[in-house]
Structures are given as structure tokens and as C-alpha cells.
Amino acid sequence: MNIFVVIPAWNEARKIRPVLESLISLPYKVVVVDDASSDDTYKIVSEYPVALLRHKVNRDQGAALQTGNDYALSKGADVIVHFDADGQFLSEEIDEVLAPILDQDYDIVFGSRFLDKKSDMPWLKKNVIFPLARIVNRVLLGIRLTDPQNGFRAMTRASAKKIQIEHDGKAHCSEIAAKAFTYNLKVKEVPITVIYHEFGQGFSGGLKILKDLIFSKLIK
Amino acid sequence: MIYLQIIVSLFVVVILYKLFKQRQGGKLSTSAFLIWFLLWLAVLVVFWQPEVTSYLANLLGIGRGADLAIYLSILVIFFILFRIYIRLSKIESQITKVIRKDAIDNVKEK
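Those protein sequence lines, which keep their order, are chains A and B.
Just so we're aligned, residue 307 is where the first sequence starts under this note's numbering, counting upward by one.
Just so we're aligned, residue 249 is where the second sequence starts under this note's numbering, counting upward by one.
There's no promise every hint is true.
What the hints assert, rightly or not - Here are the computed lysine to any residue pairs in the SDA-like style, where the Cα-Cα straight-line distance is at most 25 Å: (1) B/K358 to A/K468; (2) A/K467 to B/E357; (3) A/K362 to B/V346; (4) B/K349 to A/E353; (5) A/K476 to B/K358; (6) A/K381 to A/Y334; (7) B/K358 to A/P333; (8) B/K356 to A/K492; (9) B/K338 to A/L332; (10) B/K358 to A/V493; (11) B/K358 to A/K523; (12) A/K467 to A/L408; (13) A/K523 to A/T499; (14) A/K476 to A/V493; (15) A/K468 to A/L404; (16) A/K468 to A/F487; (17) A/K485 to B/E340; (18) B/K358 to A/L332; (19) A/K476 to B/I339; (20) A/K492 to A/L447; (21) B/K338 to A/Y334; (22) A/K476 to B/L336; (23) A/K523 to B/I325; (24) B/K358 to A/R463; (25) A/K349 to A/M307; (26) A/K492 to A/L379.
Calculated directly from the structure, the hints in this document are not laboratory data.
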């Protein structure tokens, strides 16, 4: 079984080292897509036994993920895992995200910080921003997930081929989930832990995602 | 008013001249040429015969000709903005494709 872990990285020199350390001992092929970082991300990643791709111009997270997917598919990946470069997720939980695909023939698995496990998230995010994002996702896109903005997910080869990420920016989370439901894939949510180093995207980030999604609906 | 009319007319003549040159150089499709040509011709007509706009406005149930002109220009501006937005997102996605191919072609594997 060929399992690829795709990690988009943009200016993560300070945080990516422990992430890679924790991954290289695991039986997965690691793919890092450096999205034209201006810091030492590329140099640091090149010290590790991973496949390292570099965007010459910054194209944002969604674009980097699709680059990773394309590469992994070309190398015969059976399952692709999306993982963060900044240490938000725990590498030992990859197993739990993979389990529904490997043991129960699910097509795609999304991590959720709102199921069992306790993620220590900021109050505003937990009680205002994410509930709003959930409503928007459900009403606008028909996504029935507890945590549609979560970047920890795994998908089978067939699903990765179907789900082409067209949103270069941060709207890819909603896009991937929406496509999973549109294509009637077998979807499963798995509780995961999210470690908050900093606040991440706030309200304005959320509004930008909404704008991207609406405009793309308009021009299609 | 007559000064403004003359200035605008000269301006339109210059633009029409450029339009013809572009058409001859093959930089403009026939339909695009016709649309721009008619648009600037309409500007000329409106400045020399402002009553035309009142007539049209009344026909459409709008009070004054000047109002009609403003409504129309806003519509046109939004249409152009929309076209530019579409064009931009197309270019963006093409850039992404080029960058992606380059990244995959030059992968560093260890």
C-alpha cells in the first residue's frame, strides 16, 4: 500500500522541522510542496528524506495541495493524506484518519476537532467563527461536516483523481468537502486534535473564503 | 456647451481613428470593433443632440436623459469589471498550472 502524506508549506522554517522529524519514522512517503517561501523552508526540508517540490511563485495553499496530489498520483499513490506544516496536527493520528479507508472502504476521511477529542481552541473560533462557517458550508454547499475548515484529511487514489482542487486559496477546504458530497463519495469524519500555536485565520480570512466561493459560483 | 461639444468631438475622432488603426492591424475582432465604434458614435450623438437621451429615457420610463446615461454607464462599467474578473481568474489558474508543472518536473527526491 502506497501512502503519501502531502504537506503544503509556506514560510514554515521555524515550525516544519519537528513535523518532518515525527513523520520520517512512519511508513509513509512524505511530499512537501514549498509554496515559494521567502525563508529557509526549502533548505531545511531538503535535509530530510522526502520528495520536495517548489512553486517558483506563491500560489497559495489549495494550489500547493493539488501540486502534491498530482505528484503523488504520478508516483502511484494508493492513499493521499493532507497534513499541515506548522505542527497543528499530530502525526500519530494519521493512523486513525487512515483507518476508515484501509479497514472499511471509505473514500475520503476528514479530521474534525469538534468530535470527542479536546482541542484547546480560542473561544471566538469555537463559539462564533466555526459555527458560522458550518452554517455557510451547509446552506451554500450542502456540506454535512462538523468541521469543514479542517485541513487534516485522507483520500483514496480514485477520490484524489476526481477531486481537482481549483481554488488556489484557502477555499479549498470547502471545495474538497463539497466535491466529496457532489461525487457521492463515502465520507467519514474522525476526531483529531488541533494544537493552537496562534489564532490562524480570523473573520477576515473567513470572509475572503466566502468571497472566493461566491465568485467562483458566479463565473462558472 | 459648444466648447465642451467640440472638445468631446475631437476626442471621439481621435479614438475612432485609433479604433480603425487597430482594426486594420488585426488587433480587434469585427464584433469588438463594431461595439466600440457604435458606443463612441453614440457618445457623439448624445453630446450634440442631448434630447435624444430624454426621448429614450421617457420611452424606458426614466425621468431624465442624463439619468439614463448614468444608469447605462454604470451597467457597462460593471459588465466590464465582471469580464476583467473572469479574465483574471483564468490567467491565475493558468499561472498555477505552469508553476505546478515546473514544480513536478523539478522535484527533488531523497
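* To do: Just pull the numbers of the violated hints for me, sorted ascending.
  => 1, 5, 8, 9, 10, 11, 13, 21, 25
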